[in-house]
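With these hints in hand, go ahead and build the complete structure from the sequences.
Numbering (my numbering), first residue to last: 1 to 139.
Just so you know, these hints were derived from the structure itself, not from any lab.
Heads up, some of the hints might be wrong.
To be verified - Computed list of lysine to any residue pairs in SDA-like fashion (alpha-carbon distance at most 25 Å, straight line):
hint : residue 1 : residue 2
1    : 8         : 57
2    : 28        : 64
3    : 28        : 3
To be verified - Label-pair restraints from in silico Cβ distances:
hint : residue 1 : residue 2 : range
4    : 92        : 17        : 18 to 24 Å
5    : 25        : 116       : 35 to 41 Å
6    : 32        : 86        : 29 to 35 Å
7    : 28        : 88        : 18 to 24 Å
Since we're looking at a predicted model, the values are computed, not measured.
Just so you know, even glycine gets a beta-carbon here, dropped at the ideal spot from N, CA and C.
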Amino acid sequence: KSAVILSKLSVNMDDAAKMYGTMINPFKRTPEEADLAINSFVKSATEIGRPPGEVISAYNKQMPILARFGKQGEKIFLGIAAEASRLNMEVGKVVSFGERTDTIEGAAKTAQAFNMAVGQPFLSAHALLVLQWTKFNAF
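Okay, here's the thing in structure tokens:
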């Protein structure tokens with residue numbers, strides 16, 4: 001049933017199968033739970049004004065990073081996807097900003113790149129380092 005709906009939404013079936021498999025194998029979901037999660041992604045994609053296929057494909061591409069967060073990775077991804085849509089940026093770029101903020105040099109380069117992308121001074125290296133430290137201590 002879900003495959004038919006996803007197909008009608010122009011979701012690549014390979015991407016859908018990969019996402020489905022990821023939810024069942026590493027995350028130990030039942031097929032029913034995987035269907036609900038995928039439907040949640042479709043709903044979220046619609047809410048943020050992005051094609052469901054694009055969101056599902058981006059999720060699969062970011063899976064190596066998101067897997068660190070377990071089932072919370074889905075929630076984190078959807079939040080990142082919403083922010084990426086709001087900023088008119090690719091999800092992968094937003095995720096990569098977070099990956100590079102664990103050193104002073106990386107935070108400075110990331111803040112500079114982000115500020116250039118949005119066209120105004122929005123982030124500072126210090127803010128990114130504090131955020132990274134806060135995130136690290138939250139776990």
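Hints, verified against the model:
Restraint check for residue 8 and residue 57: satisfied, since their Cα atoms lie roughly 16 Å apart, inside the 25 Å limit. Distance check on the hinted pair: residue 28 and residue 64 sit about 16 Å apart at the alpha-carbon level, within 25 Å; holds. Annotation: proposed proximity of residue 28 to residue 3 holds, straight-line Cα distance about 20 Å (limit 25 Å). Hint check: residue 92 to residue 17, Cβ distance near 21 Å, so the stated range 18 to 24 Å holds.
For residue 25 and residue 116, the Cβ-Cβ distance of about 39 Å falls inside the hinted range of 35 to 41 Å, so the restraint holds. Against the hinted window of 29 to 35 Å, the Cβ-Cβ separation of residue 32 and residue 86 comes to about 32 Å, which satisfies the hint. Between residue 28 and residue 88 the C-beta distance comes to about 36 Å, which lies outside the given range of 18 to 24 Å.
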